[in-house]
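Chain A is already provided as a structure; the job is to place chain B on it using the hints.
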Amino acid sequence: MDLRVPSGWFFTLVGLILLAMGVFKPETRATLTTANVNLYSGACMLVFGLFMLLLAWRAARSGE
Amino acid sequence: MKLAPVDYVILALYFAFVLGIGWRLRKGVSSSGDFLLSGRSVPVWITSLAFIAANLGAVELIGMAASGAKYGIMTAHFYWLGAIPAMLFMGIFMMPFYYGSKARSVPEYLKLRFDEKTRAFNAISFAVMTIFSSGISMYALGLLLHLVLGWSFDVSVLASAAIVLAYTFLGGLTSAIYNEVLQFLLIVMGFAPLAILAVNKAGGWQGMVSRLPPNMTHAWRYMGSPTENPMGVEIFGMVAGLGFVLSFGYWCTNFLVVQRAMAADSMSAARRTPLIGTIPKMFLPFIVIMPGIAALVLSKMNLGYDFPLKATGGPDYDQALTTLMAQFYPAGLLGVGMTGLMASFMSGMAGNVTAFNTVFTYDIYQSYIRPGAPDHHYLTVGRVTTVAGVLLSIAAAYLATRYNNIMDLLQLVFGCVNAPLFATFLLGMFWKRTTAHGAFAGLTLGTAAAVLTLSSTTAEGKGGWIANLYTFPSQMAQNFWIAIIAFTTCLVISVAVSMVTKPRPDKEMEGLVYGLTKVPHDATAKWYQRPAPLTVVVIIMLVILNFWFR
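Protein sequence lines, in the order shown, are assigned to chains A and B. Take 1 as the starting number for the first sequence in the working numbering and just add one per residue. Take 1001 as the starting number for the second sequence in the working numbering and just add one per residue.
Looking at chain A on its own, in the form it has when it is part of the complex (with noise of 0.2 Å):
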């Protein structure tokens, strides 16, 4: 089993989530920062959820 593929989907389904309630529910904040934390967060959890199924992708295309 090539790690990078459950990680991968890992965070891409969590960064998907936090990007739905930054999108969708940008008032729930917490009590001392008026970031929207979770559309942040949620974007770069995507974006290496989708890195680590990208090189998992790219290194079983090699070995086959």
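Treat the hints with care, since some could be wrong.
Said to hold, decoys possible - List of simulated lysine to any residue pairs, SDA-like, C-alpha gap at most 25 Å:
(1) K1102/B x A1012/B
(2) K1310/B x L32/A
(3) K1300/B x R1550/B
(4) K1201/B x K1526/B
(5) K25/A x A1012/B
(6) K1027/B x M1/A
(7) K1526/B x L55/A
(8) K25/A x N1200/B
(9) K1518/B x V1500/B
Rather than coming from a laboratory, the hints here were simulated on the basis of the structure.
Showing chain B alone in chain A's frame:
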């Protein structure tokens, strides 16, 4: 603090993934070697991250933020002075003997190099230690989740233990290691935003420097005298005690971490495991220590954030991390942060359980209880021991709820066990004249010296059950000096006894000792795949970090 439905969705997603990884890996287990040693087949980037994740348990994560708030940036010495030089030493100098000797565990190396009694002493003390440390970590997590989220202690302890048991039982060490990597990534993703938000709010590093006493924001400048710095340690105790004895003792001889490197697919990969691990390890202080320091600053800024207090009064440093999460994380990211905390607990516990089952199966059961059985028998024993290890950890966690002080004491005593062991390994690997009797005498008397020092000195009202010959300025100083004394005792006794006992013939020690082992040279590999250039790069980065926060 209350979790929203979305937070529970993220938590459930994480549980599904760790169990799924265990389920997928179950087919790869057909021998005891697959289950307990990963069949020595794991890629190097995975072993490197697992190497540092196995150590990053919940107690460490909460404890590092707590120490950040209590001692300031000096806490980073656990990384920049302690762990990283030790990890470099382990990869460059010690791994060739561990991996090359074909030993399956640290105690087994001791048996190959010395004899049965040294192995038995190390195997038994290590097995007991892993159970209690995983129990203590489970207790800490259960208590925290109860305090912060109001979850039932029993449910959170039993449920998280059941999940760890499920995936280690299914896929063995490989499953534990693969999950440790996912857990490590999650810890970073879950806590990095907190560090960024909290430090930003506290005015950035410069703002923190201007709002705190200078001895909280300088790692080296106030180390001349124990009265000047918050840790209460002077420079010799720090460098020799923490930087040398304790860190090298932990990172070079503790089977919990060594096992991860030994699972690598080649000698070269095994040596690079700790070396590559140093790079993320170097930057962990920014994620795990900085929030603690920022919490202290924020509590002084009249923002409505008060530093958490204990029921008995006085600051409750252990809650620094979770109270910050409640202040900075909205529903959604809060779920990721809490999941990260659970993940750290699980990686720590799985690390203990997988090290315990290997040492028990190979070094205790196969050596003393039933040698010579077919391999599938040991595979079954390995699986049964995994269940037993988890059950014993749960028992230890409940013991901790009853006898809180005994657990404090045990942690102190465990701190003393690794220190003399490092002297034994240093002599065993680099001085071929060291004999079995010398090593055993040094190891037992070194451990005794540690316990004796602990019981005849006090610090912050602890220790000194026999007498109080000396009072240390802080518990840290006491810990560091006990380590120095234990190490020196072990070294001196081992050398003295070795000189008067019969040495082993060189032929028997090939592959075990420096000078009688061919250390591989990967001259054809690319520079970043070779240990030496990698080490130079790490040392340069390390010097810059130490200089920056001097």
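Verification of the hints:
1. Restraint check: the Cα-Cα separation between K1102/B and A1012/B comes to about 40 Å, which exceeds 25 Å; the hinted pair is violated.
2. A hinted pair counts as satisfied when its Cα atoms are at most 25 Å apart, and K1310/B with L32/A qualifies at roughly 22 Å.
3. Among the hinted pairs, K1300/B with R1550/B is consistent with the structure: their alpha-carbon atoms are about 24 Å apart, no more than 25 Å.
4. Between K1201/B and K1526/B the alpha-carbon distance is near 43 Å, which puts this suggested pair outside the 25 Å criterion.
5. Pair hint K25/A plus A1012/B holds up; C-alpha atoms about 21 Å apart against a cutoff of 25 Å.
6. This hinted pair checks out: K1027/B and M1/A have alpha carbons roughly 11 Å apart, not beyond 25 Å.
7. Between the alpha carbons of K1526/B and L55/A the distance comes to roughly 21 Å, so the proposed pair stays at or under 25 Å and holds.
8. Between K25/A and N1200/B the CA atoms are separated by roughly 24 Å; this keeps the pair inside 25 Å, and the hint holds.
9. For a cut-off of 25 Å, the pair hint linking K1518/B to V1500/B is broken: about 29 Å separates their Cα positions.
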